[in-house]
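A.B. asks: Single-letter residue listing:
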Amino acid sequence: MNEIERKLHGLAGADAVARSGQAARRTVARAVSEGVADLWFTSIESPVGDLLAAGTRRGLVQLAYEDGDREDLLRGLSARLSPRMVEAGPALDDVRRQLEEYFDRRRRRFELRLDWSLAPGFRGRVLHATADVPYGQVTTYAEVAARAGSPRGFRAAGNALGANPLPIVVPCHRVLRAGGHLGGYTGGLGRKRYLLETEGVLQAGLLDLPPARPRP
Amino acid sequence: MAGLPPFQHLIDSHRTDVWRFLVASVGPAEAEDCFQETFLSALRAYPRLRPDSNLRAWILTIAHRKALDVHRARRRRPVAVAEVEVDSRGGEQPAGAVPDGDLWSAVAALPPRQRAAVLLRCAGDLSHRQVAHALGCSEEAARRSAYEGLKKLREVYPT
Chain A
0 MNEIERKLHG
10 LAGADAVARS
20 GQAARRTVAR
30 AVSEGVADLW
40 FTSIESPVGD
50 LLAAGTRRGL
60 VQLAYEDGDR
70 EDLLRGLSAR
80 LSPRMVEAGP
90 ALDDVRRQLE
100 EYFDRRRRRF
110 ELRLDWSLAP
120 GFRGRVLHAT
130 ADVPYGQVTT
140 YAEVAARAGS
150 PRGFRAAGNA
160 LGANPLPIVV
170 PCHRVLRAGG
180 HLGGYTGGLG
190 RKRYLLETEG
200 VLQAGLLDLP
210 PARPRP
Chain B
0 MAGLPPFQHL
10 IDSHRTDVWR
20 FLVASVGPAE
30 AEDCFQETFL
40 SALRAYPRLR
50 PDSNLRAWIL
60 TIAHRKALDV
70 HRARRRRPVA
80 VAEVEVDSRG
90 GEQPAGAVPD
100 GDLWSAVAAL
110 PPRQRAAVLL
120 RCAGDLSHRQ
130 VAHALGCSEE
140 AARRSAYEGL
150 KKLREVYPT
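First to last, the sequence lines map onto chains A and B.
Under numbering that gives the first Met the number 0, the first residue of the first sequence is numbered 0, with each subsequent residue one higher.
Under numbering that gives the first Met the number 0, the first residue of the second sequence is numbered 0, with each subsequent residue one higher.
The shape of chain B in the complex, shown without the other chains (with noise of 0.2 Å):
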């Protein structure tokens, strides 16, 4: 018998991968909101899914569209969280003793694609091909995009 699995299985085997992409992308205030979306659409699509799909990719496209619309959502706002967090701490910390919160607000400045390759990649443990797949793009560009995010934290953070 094909056919799709319990949608059960799905959260079983992938929430945690979905949380630390998204607390990573987001920040831990916003994560939860976030899960329950991706996971409430997902299971709105999920009859509709061909049954040889990639299931952690897909759950993870779902949640890089999710974490996409509260960086939207923030840039709206006149004074965005992660900016005032770069603006009063960025710069003086040492290397090497990087609080999280800071790194957090390194990759909320990130331009979207090259956060979201960056942490579909690192948080989200997909290839380049699955993240390739995920923003839309070709497998070389989600490479670059994810190399060009790492190099800007790592000049922000040199370890």
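With the rest of the complex left out, here is chain A (with noise of 0.2 Å):
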């Protein structure tokens, strides 16, 4: 390169990373307001790790714990919803908040618009059985089959509530199997348990299960 090439090259000066980024962030606030992208995401630390929250124009349609995997998460909601996604903390800025409350016990319900898009047919009707169990309390997986209109399927529930798009939202922590066993949990029991510690149905040590703690 001679010396008019690199002039050329540098006519946006050393800053241009930092400027380009903050022309990036305009840009991605106008995607958002002016309805041209269809998803936006961002990361929210938690107690329970990092999530990755996702919302479209209807409302919050996906909240995951990302354990290494936020890539394979932002992709598959690509290929399944639409590519026109852009990064947008503050879009999600009430997610990120009601958040921050529930872990420091501040919140008691999420009042947030809930896009079900990711959960169609009987794991929709599971999954907003679900959503109706207060917070504090229990209930079983036949219980959340028998309330979306199939009582004998508590297998297929147990699965619905496994492939939740919204935990912690839509609380599937708050449903155990029968006998108080805490079942399983998308995200690990460990988390299911902190959770439940959280509303004051555990306390530590009650049961012989791992401590309840994020996992790394």
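The hints are simulated quantities; they were obtained by calculation from the structure and are not laboratory data.
Even for Gly, the Cβ is constructed at its ideal location relative to N, Cα and C.
A few of these clues could be false.
[Claimed, not checked] Result set (EDC-like, lysine to aspartate or glutamate): computed pairs, CA atoms no more than 16 Å apart in a straight line:
#1 B:LYS151 <-> A:GLU2
#2 B:LYS151 <-> A:GLU4
#3 A:LYS6 <-> B:GLU154
#4 A:LYS6 <-> B:ASP101
#5 B:LYS150 <-> A:ASP92
#6 A:LYS6 <-> B:ASP124
#7 B:LYS151 <-> B:ASP101
#8 B:LYS150 <-> A:GLU4
[Claimed, not checked] Some but not every residue of chain A turned toward chain B, in silico, with C-beta under 10 Å:
#9 VAL16
#10 ALA23
#11 VAL27
#12 LEU38
#13 MET84
#14 LEU111
#15 ALA130
#16 VAL132
#17 PRO133
Need the complex rebuilt from these two chains, each delivered in its own frame; the hints are there to steer you.
C.D. replies: Next comes the structure, spelled out in structure tokens:
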């Protein structure tokens, strides 16, 4: 490269990376507010690990434990919903704030609009039934199956809860096996236990299970 | 799974190239508007893009078209800012001490295709083949335009 070519490359100045980053954030904010983007996402820190939150015009569409799979989660959303995806933390401030309040025990009910696109059919009915279980209370797989209109479908209900696209907000952690066994949890039993302890359902050390703590 | 990656990837990977190209082409004052319009247009068209497309060449092609709009609008204005700068300061700078503002003016004064070819190549880091694709001309023509454009810039500012 000769002098002129170097100068042309450097015309934007040494701060081109920072300036383009600022311009990109403003562009993304417009993409959301002007309805050009279909999907926006951000990472939210929590005591149970980083959560990936994704929203659409209809509401929160996914909340997922990242566990190092952020890239796969994003590509999955792009393939299933729309590739018009931008990273826009401010657009999900409500979700961030309400989660923070929940973990601080200052919030017992989420007031968020939800987009159920990732929970069609029976799975959606099971999750809707689960969404009605109040803070600090628990139910069984058989009961949510019955409320979803399929009294004997507790195994299918378990699968539906295992694929919950909106954990914590749709409280699948409040669904236990008959007899008070914890059952399963997408993000690992340590998290289920932590959430139930947070809500005062479980006391630490009451059951012989791994201690509640976020996975590394 | 093939399919398109999330659009944010494209922003993260290419925003700085697009910024460099636009600042060099339309100047710092109008670069941001152009930048936003470039990525918003790209976002609108994105789902229709073939997954095997070269994303950097594609986004810079859009940036090139936005820059062209700005240059056209300037020509329609009675007195273009760039021309004023050339008139007031051109030809009196000692070689080797050229303020960037003057290089901008010289770039702005190039014929549109030469300007685009030079900047897509030097500021956007595209290959001649990709420049050709962006300009809708042959690779030979793109190479020639870049060569002619650089030659003119060197005449104004010998190095």
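A.B. asks: For each hint, tell me whether it holds in the structure or not.
C.D. replies: Results of checking the hints against the structure:
no.	hint	verdict
1	B:LYS151 <-> A:GLU2	holds, 14 Å
2	B:LYS151 <-> A:GLU4	holds, 12 Å
3	A:LYS6 <-> B:GLU154	holds, 15 Å
4	A:LYS6 <-> B:ASP101	holds, 11 Å
5	B:LYS150 <-> A:ASP92	violated, 52 Å
6	A:LYS6 <-> B:ASP124	holds, 13 Å
7	B:LYS151 <-> B:ASP101	holds, 14 Å
8	B:LYS150 <-> A:GLU4	holds, 11 Å
9	VAL16	holds, 5 Å
10	ALA23	holds, 5 Å
11	VAL27	holds, 7 Å
12	LEU38	holds, 8 Å
13	MET84	holds, 4 Å
14	LEU111	violated, 22 Å
15	ALA130	violated, 28 Å
16	VAL132	violated, 33 Å
17	PRO133	violated, 36 Å
Hint compliance for this structure: hints 5, 14, 15, 16 and 17 are not met, and every other hint is.
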